[in-house]
Every structure is written in structure tokens, then in C-alpha cells.
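*Asks:* Make a model of the complete structure from these sequences and hints.
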Amino acid sequence: MLKMHNINKVFRTEVVETHALRDFSLHVAEGEFVTVTGPSGCGKTTFLNIAGLLETASSGQYLLDGEDVSALNDFQRAKMRNQKIGFIFQSFNLMPDLNLFDNVDVPLRYRGVKAAERKDRIERALDAVGLLSRKKHLPAQLSGGQQQRVAIARALVGEPRFLLADEPTGNLDSNTAEGVMELLHSINSQGTTIIMVTHDAVLASRSARNIQILDGRIIDDRRAHQKAA
Amino acid sequence: MEFGPILRALLRNKLGVMLIALQIAFTMTVTVNAVYIIDQRSERMARPSGLDEANIFHLSSVGYGNNFNESVASTEDLALIKAIPGVVDVTVMNAIPVSGSGSSTGVGIEPDRPETSVQTAMYTSDENVLNALGLNLVSGRAFSTNDVRRGGRDMERSHSVAILTTALAERIYPGEGMQAVGRTIHSPGGRTMEIIGLVERLQTPWPESSFIEQSMLIPEVVDDGSTLYIVRTVPGERDRIMTEVEELLAAQGHERILRNNRAFEETRENSYRLDSVMATILYVVIGTLMFITAMGIVGLAVFSINRRRKQIGTRRALGATRPDILRYFLLENLLISGSGVVLGAVLTLAFNMFLVQTFDMPRIDWFYAPVGMLLLIILGQLASLAPAAKASGIAPALATRSV
Amino acid sequence: MFFYYVRLALLSYRRNPVLSSLMVLAVAVGIGAYMVIFTMNYYMGGDPIPRKSEQLHHIQFDYGNPDIPNFNPPPQLTWIDATAMLEQTTAYPRTATSKFVAIIEPPGSEVRPFFVNGRGNSADFFSMFDVPFQYGGGWDRSADLNRDLVVVLSYELNERLFGGRDSVGETLVMHGLNFTVTGVMNRWQPAPKFYDVNNGSFDPIEEAYIPWELIISQELNRSGSTNCWQAPEGTGLQAFLNAECAWIQFWVELPDANARDDYSVLVDNYVAEQRALGRMRQPVEQRLYNVNEWMTYQEVHPDETRILAALAAMLLAVCLLNTVGLLLSKFLGKSGEIGVRQALGAHRGSLFVQHLIEAGVIGAMGGVLGIGVAALGLEGIKVLIGGLMITEWMRLDFTVMAITIVLAIVSTIIAGLYPIWRACTINPSVHLKSQ
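Chains as they are written, first to last, in this note's numbering: chain B, 1 to 229; chain G, 230 to 632; chain Y, 633 to 1067.
Hints listed in this document are in silico derivations from the structure and should not be mistaken for laboratory results.
No residue lacks a Cβ here, since even glycine has one placed at the ideal position from N, Cα and C.
Be aware that one or more of the hints could be misleading.
[Unchecked claim] Cross-link-like lysine-lysine pairs, in silico, DSS-like; alpha carbons within 30 Å at most: (1) B:K114 / G:K311; (2) B:K136 / B:K114; (3) G:K539 / B:K119; (4) G:K619 / G:K311; (5) Y:K966 / G:K619; (6) B:K119 / B:K135; (7) B:K79 / B:K136; (8) G:K311 / B:K136; (9) G:K539 / Y:K1014; (10) B:K79 / G:K539; (11) B:K84 / G:K619; (12) G:K311 / B:K135; (13) G:K539 / B:K114; (14) B:K3 / B:K114; (15) B:K114 / B:K79; (16) B:K136 / G:K539; (17) B:K79 / G:K619; (18) B:K135 / B:K84; (19) B:K119 / B:K79; (20) G:K539 / B:K3; (21) B:K135 / B:K114; (22) B:K119 / B:K136; (23) B:K119 / G:K243; (24) B:K119 / B:K84; (25) B:K79 / B:K3; (26) B:K135 / B:K79; (27) G:K539 / G:K243; (28) B:K136 / B:K84; (29) B:K84 / B:K114; (30) G:K539 / G:K619; (31) G:K243 / Y:K966; (32) G:K243 / B:K84.
[Unchecked claim] So, partial list: chain G residues that the calculated Cβ filter (under 8 Å) puts toward chain Y: (33) V246; (34) I249; (35) V377.
[Stated by the list, open to error] Covered stretches of chain B (chain G as the covering partner; in silico rule of three or more C-beta atoms under 8 Å from a C-beta of chain G): (36) 37-50; (37) 178-184.
*Replies:* Now the structure itself:
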């Protein structure tokens, strides 16, 4: 599903050069649930951005779903994000001026889906996260956990093969976080590949595979065999 | 494409929308009405005087001292001017068309019935007037040398011939103006005039007057101390001959001064100066308003984009291409401008009604408002182009940044 | 505290120079354009002789022929009525006056003869209209009666003829006659030229002033508008004088209400007499007008300036809406800082004042720049108008400049009220957290 080979990412300012990723190689198979952990500034977010096609690598090769994406231009990468990748953000990133329905609608709009089909899909996605009855509400009228559920619905509505989550529970209390994690695991169990960045060791320990990053390199890649079944 | 969501999002930010929409509405109101006023004035200014305007100039000779004999001097002057190569013809006249000053009277089909009389400008001149002014005789004949009466202020003038403009003939004889030649008209004081010819067009001296096309020519030269010459030249020679004529007349040594040596075009321009001043001021007002409004749109767009940077990044992450973002903001502006121009159309018509009632101007033509709406929408799109382009450059990675 | 806030305002300007400059520019352009039109209206519609405008009156007679459709009674007087009114009473200062043109033959041969616009007027003209004199003065009423050849020169004509020196007592050849100079005016240019609005309300004043009766007795060339509603019977000057042709302005100075009533009776009686003779058949609303009433009645104010005033008001509105929008952007953008200040103990009132002063500072800058815009605009209009009318009065005096600045500050503060209210009433914790 995802294949990175010798990826390097260098940020240059006039004074310093920062290596966010160094010779970073990783293979994630279809249907995996991978958590990524590491201290602040280790390169987690850079990895996530490159994996999600939000940024391009300075060098190296990246195959997503068998396609070499290193050479894609901005427009093609946007299309690819839209078709294949779902995003979940730490601070939800809902549009405050749009109601839940319109929020979930956003990726479908960019895909050019017909109105009737959009309505159908949005309502299914909202139903899946248990918020269909509140589709006319604005994000500010919801709790944090509910907002993150909306964000998940938005990520799923396009039925992506690949879900990237950036600290999805970082802004939530532990009970709510638990609910969100269950939701993610159930999505994964239906075949969606998930990569989740987190600094929560407990969450990480519960995933099937956990990667630890330090100074732009993978220092640990551990699979929990008991959950592989 | 995403009309609905943009509209719903805008409705949650009514004030910003309202500010821009109101600006656009006012700008449209001012622009459309100003353009309408300019058009009105240009139309007035474009009306032809009937003269061969580009090739005519005039010059006055005013005598002083006891040795000055006006009729001798003017006969001499006319001969001298006519002999200059390049001069088509020259005449003496009591007033210059469209110059602002002249003389008017009433004429009617019955004597001493002021209530039936029609107002007209009265020009007095000699037999060369039609050729010297370049007027177009459409019926009857021109003045002959015998028609022209000469004398002092006290001379007898109870009966004469006259040439009318077709517009005046039509006012006097509605529906049969073209058959006016041969008929007799009356003016106050028991004066009668036989119509011998009609000219297509000759405007009065007063551009403001309600009877601007109604003029009458009388073959009469009065010695009153001051003579006005009107000279027509071949094309391209006017300016040279103007100087030459003045030098030539000055060299004759008469006790008189020569003044007001001007091209007809300049005299005409002076008469319409207030109109052209008004037009220029209005153009400046329109330009300023457009500029201010465009700046307002840019200012608020930049502000609203800066406030939504993260949202834009998120949209990019969710699959919006750069053109998608550009389109989003252009569409957003279109909706705002759209509401502005709808309000603007209402205000425009209201303001026009005010102008119509207060200043007695004709009503605005129907197409002004739609053209104005289109113009303001284009202005809005142009003004939001740069901010929208800037927004489309926001990196998708902004979505994952935690601040 | 005030100066602290002013300093904060300046710092805030520097932090956001583009947005701030845009605001200053918008205020400057809006106010500047408005002030250009305001200045024009202020003078065109203003009182040209404030000290005496209530006392000076023009007469309107019931002129015209009711049979002539749409005939408005001419505002000037006929020769018969003007001479009659001069004789009716000498109790009040009064003048008949009209224009003439003539040729002046300067002494010696250096200066060629030239053409001047002149005015015939009665002796009282100069004191009635507060004409300022550089040398000498006018003539007295006996000179009017005796048809003395006396002349008062304008400042400019004296410069041209006598190099600006005291020319009282000198002889001047005009219209072939020898006039004696009795006085030289100082610079004088009433705007509008209220004493004669029939011949260009904003024309320059005449250059030579002589007893009005001379225009007829010496047969000078009359100029200015002449309106006849009945043709002269016969030809020649006398026929013209006796005809129903109006070409003379007539002013009388009535010091108080009693005098006005008194004179009003006199005018009414005169009209009644003339009616008995078959004249004055078209009734008018009013027969005595003071200066300001006369300016209004004669529509001295051009339509153009009134249309422009409406347009300028809208331009100002757009500029202020613009300022509201930009201030909103600016102050909401500062909500973080506002939150911090609130957290540090600033109460809402003081934040409100701080931002009012910030808006005021922007307004003041806009006002100063607006004076520049207005000055530029007026210069531009002067250039466009050229020699069409006098434009000396189109200038920014202290009053207009003060009004500009005050208007700029006040309107910017008003424009700022809502944005400031919005920025200052958001809960501080929101500001702090959302960052």
C-alpha cells in the first residue's frame, strides 16, 4: 500500500539546515493499522505530511498504492489526496461557518460527485459516527469528541483506501478518546489502512504495529503478533 | 459549483458581506448616474451647429475717435480678407452662433399676437452669410446684394426678407415647414418678413436655450461702432489666416481696435466648458470610487483569507486543487458583488428618480443599470483575483500545523 | 494616558502599515473629494456681503405680457422705471446700474487703445456695496444729476494705466470723452457677483465705473442682458428707452424693517399707478428681495454643484464603509493583544478609549492628507474652468481646513465604533486560547 525508500526531507533557512527525515524507509501493507510515536520535533509530522502528499520529499522514492507519487505535480497530488487518502487532524479542522452536512460534503465537492449521491453518502457517513440527527448543527455547537467524529465522517465519506490521523485524540479527554479509537479500529477492520501519529504510549501499545521515530529515523518497528489475527 | 455552502458560510458573516455589498451598491449608483450625466452632456456637446466648424474663425473691429468711419472701414476690410488666398468667404454678423450672446425675438403668422409667436434667434448679416458659415440651403434662395439693407441704428426696417432654419419653419407651420418659402411672418412692433429660403441647421447663440435649433437670418448690416467678421477658410489654413488677417487689418491704420480673434471651435468649446468640466470631475469621481472600492475588496479579502488560512490548508489536504481554491474565493466575491449590484440597481434607479425630479433631466435608459451591474461584478472579480491567488498558494501542510 | 494611547496608535500603524495606509488613503480621498464640493457650495451658496445682505434690496416689477405663454417676469428694470425709482425718494441709498463697453485711449503712445468692461452706477453704489478704495473715493449725488464725467478705476485698471500710483484727479480718455478719476478701488471681487447676476454670477468685476446717466446721455455702448416683451415703437434710442425692455439692475439699502415697510408701500403705489396706465400686468409673488433672497430667486447656485454634492456625499459614504471594513479587519486582527491587555487588568472602558483614539489618529492623518487632496482637487477644477469664471474664491481657508480635519476625525471614529465594540466585547479567554 505504502512504500517509502530512502526518503530525505531537508528544511533550509538562510542560517540552518534541518534534516526532518533521513534515509527514511518504510513499507505498510494493505489493511494495516500503524501507529507512529516519537518525541516532539522527531519528524512525525513531516513523515505524515509526506505520506499524505501534503509535502514532497527532498529525495527518495515513495510509492502509494503502487504508483510513484514523487513526480506528481501539485494538481495531481491534490486529486490523489482527494481520491485515496482520508485525513483526521488533532484539532479537527472543521469549517466553523459550515454545518455538519456541509463539512462532510467538502471532499465530495472536490471529487465532483453528483448531488443525489453526495447526499446519500454524507448521510451514511454521519450515521456511521452517530451524528446524523445533528447534520444542521454548526461545529461550535458540538463537544470535542463529537467534532472529531464529524472529522472522521468527513475522512471516510470519500471511502479512501488509506487514512492518516494526526494525534486524533490529542485534544480529547480519555473517555472520548476511547470512543474515537474504537471507531478507528472498526474502520480498520473493514479494510482501510490507517497510519496514526500519536504521543500516547498506551494507544500505541494497543495497535498491531508501532513505529518509533527519533531524529528523522525509524528506531523501532514493532508488531504485536497477538492482534494480527 | 459549491454555491450553497459558500452562501451559507457567507450568511454567517453578514457584516463583512454587507460592508462590501453596500460599497459596491453606492459605487454602482454613483458610477451609473455619473456616466449617464456625462452621456447627456456629451450628447448636448455633440450637436452640430450647422457651421463648417473646423474652418471658421471670427474677429471684431471696434472703432474709436472721430475719424473712424465704420462702413468705409468694413467695406475695405471685407475686400482685403476676401483677397487672401485660402479664404473661402467672409461676412459680417451681429452675433456668433453658440457663443452665449446674441439677440432673439418672437415670430408668428399673425401680427401682434404674442401668444401665437415662436421664439427664435435673430442673426443679421450680408449676402455672403450662407457660404461664409457653410450653411446648407435646402429650399428657396440665398440673399442677394439687393436684399441687404445698410445703415445706422435708426434705419427703417419694417419689411425685409428672411432665411429660417427648417426647425423654426416647422415650429411656425407645423407639418408644412418645408413649404414655408414665400410666406410672410410677423414679429413684434409691426415688422414683417418674407421667407425666401430655408437652411438645414443653424443653432442659436445660447446652448442652454430650449429653442436651440430655431434661428432666423435677416439681410441687414447696422453701423453701431463695432463690426464682427466671420471668415471661412479652406481646410488646414484657418490658423495661418487668422494671424494674417489680424496683421493685415491692424496695418490699415484705422482708429479701431481688433479683438476677440478666435477659432469658432474655441468659442464653442468655451460655451460648453461647464459641461466638459462637469464630465471631467465625474470621471475623476468614478475613478476614485472604483479605486477605493477595489481597495476595500482587497483589504477585506486579505483579512478574511488570513483568518481562514488553516481552513484553506485543510481544504487543500482534503483534495482541493489550487484552481479549486481560486474559484472558491472568486465565487465568494461573486456572491457578495451580486448582492451589492442588486441593491445597487435599486439605489441607482432611486437616485436617478431624484435627478429627474430635482433637475428636470430625462429618465435613464434601461441598459445603464445592467451594464453597471456587469461592470461592478467585473471590478469585484479583478479586485479579488490577487488575494484569491494568494490563498490558492497556501500550503496543504498547514492543515497539520498545530498553531 | 492620552499620549500613551496616541503612541500605541502609532505603533499599531507601523505594525500593519499597508492596511493602515489604505485606511488613511480612503479617509483622505473621501474627505478630500467631499471638501472640494463643500468649498464650492460654501462660497457659491454663501452670503457675499454678510454685514449688509439683510439691508440691500433688489426690486422686481410685475413685468411681462400675460398673453405670452411661459414668460417669466424679467429680473431687471426698464429705463422708465429705473429713472422713476431714482426720483421717487432720495431718503435711502439707492443705485440704478448697468454695464457698458468702451475703448480707452491711454495718454502717450506706449500703450495701444484697449477695450474695457465698464459699469454705470449711481453715487451711492460704492458705500452700499462696501467697495474698498485704495485712493480717493466715489462721486456724490450732484455728479449724478450734473452728468459729470467722473470715473472710478478698478485696482487692475489703475495698475495698467497708471502703474498703480495715486491717479485721483488724472484725466482718462474713454469713449472719446475726458473723464476725471475720483477714486481707485482696492482689490475687490464679490463671489457670487451679487449686484449683477444677470451677466455671469461669477464674472470678474468691471474695470471702470461712471455715473449711470452717462450711458444714455453720452450714448455709450450698453452691454449685458436685455429683455423686451414689447417692441419699441419706432426706431432710435429714445424709442428703445421708452419701450418695455428691461436691462437695469436697481438696488436700495433699507436699514431696518420700518424702512423696508416704508419702501414697500412706495413700490406698491408705483405699481398701482403704472397698472392704471396699462403697464405691469403680470403679477409677481414679491417685489422686494434682500441679497440672499435674490440669490435664491435668481438660482445663482448652478445645478452642477448640487448634483456633485449628492455624488460627493455618496463617495464619502463609500470611503467610510471602507474604513469600517478595514478597521474591523484591523481590530479583530488585534483581538489577541486585546485579550492579553484584558488579562493584564485593562477594563473594557479603557480599551474602548484606546481604540477610539487609534481610530481618531487614523482619521486625523486622513484629514491632513485630505486637505492635500482637496487643495489638489480645487486646483484641478480651476485649471479645467480656465478663464470661464473667476476662481480666486476657490481656496481652502482656515475654516474649511479645520472642518476637514474635524470631519475626518469624527467620521473615522463613528466608522470605528462598531469594529471597536466587536473587538472589545469578545471574551478574553477566547483570544488567549485560540492562539
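*Asks:* Are the hints correct? Go through all of them and say.
*Replies:* Hint check results:
| no. | hint | verdict |
| --- | --- | --- |
| 1 | B:K114 / G:K311 | 85 Å, violated |
| 2 | B:K136 / B:K114 | 20 Å, holds |
| 3 | G:K539 / B:K119 | 26 Å, holds |
| 4 | G:K619 / G:K311 | 72 Å, violated |
| 5 | Y:K966 / G:K619 | 22 Å, holds |
| 6 | B:K119 / B:K135 | 11 Å, holds |
| 7 | B:K79 / B:K136 | 28 Å, holds |
| 8 | G:K311 / B:K136 | 91 Å, violated |
| 9 | G:K539 / Y:K1014 | 53 Å, violated |
| 10 | B:K79 / G:K539 | 19 Å, holds |
| 11 | B:K84 / G:K619 | 27 Å, holds |
| 12 | G:K311 / B:K135 | 94 Å, violated |
| 13 | G:K539 / B:K114 | 27 Å, holds |
| 14 | B:K3 / B:K114 | 33 Å, violated |
| 15 | B:K114 / B:K79 | 17 Å, holds |
| 16 | B:K136 / G:K539 | 23 Å, holds |
| 17 | B:K79 / G:K619 | 20 Å, holds |
| 18 | B:K135 / B:K84 | 25 Å, holds |
| 19 | B:K119 / B:K79 | 21 Å, holds |
| 20 | G:K539 / B:K3 | 29 Å, holds |
| 21 | B:K135 / B:K114 | 19 Å, holds |
| 22 | B:K119 / B:K136 | 13 Å, holds |
| 23 | B:K119 / G:K243 | 27 Å, holds |
| 24 | B:K119 / B:K84 | 20 Å, holds |
| 25 | B:K79 / B:K3 | 19 Å, holds |
| 26 | B:K135 / B:K79 | 27 Å, holds |
| 27 | G:K539 / G:K243 | 21 Å, holds |
| 28 | B:K136 / B:K84 | 27 Å, holds |
| 29 | B:K84 / B:K114 | 19 Å, holds |
| 30 | G:K539 / G:K619 | 14 Å, holds |
| 31 | G:K243 / Y:K966 | 20 Å, holds |
| 32 | G:K243 / B:K84 | 36 Å, violated |
| 33 | V246 | 10 Å, violated |
| 34 | I249 | 7 Å, holds |
| 35 | V377 | 18 Å, violated |
| 36 | 37-50 | holds (count 3) |
| 37 | 178-184 | violated (count 0) |
Against the hints set out earlier in the document, violations occur for numbers 1, 4, 8, 9, 12, 14, 32, 33, 35 and 37.
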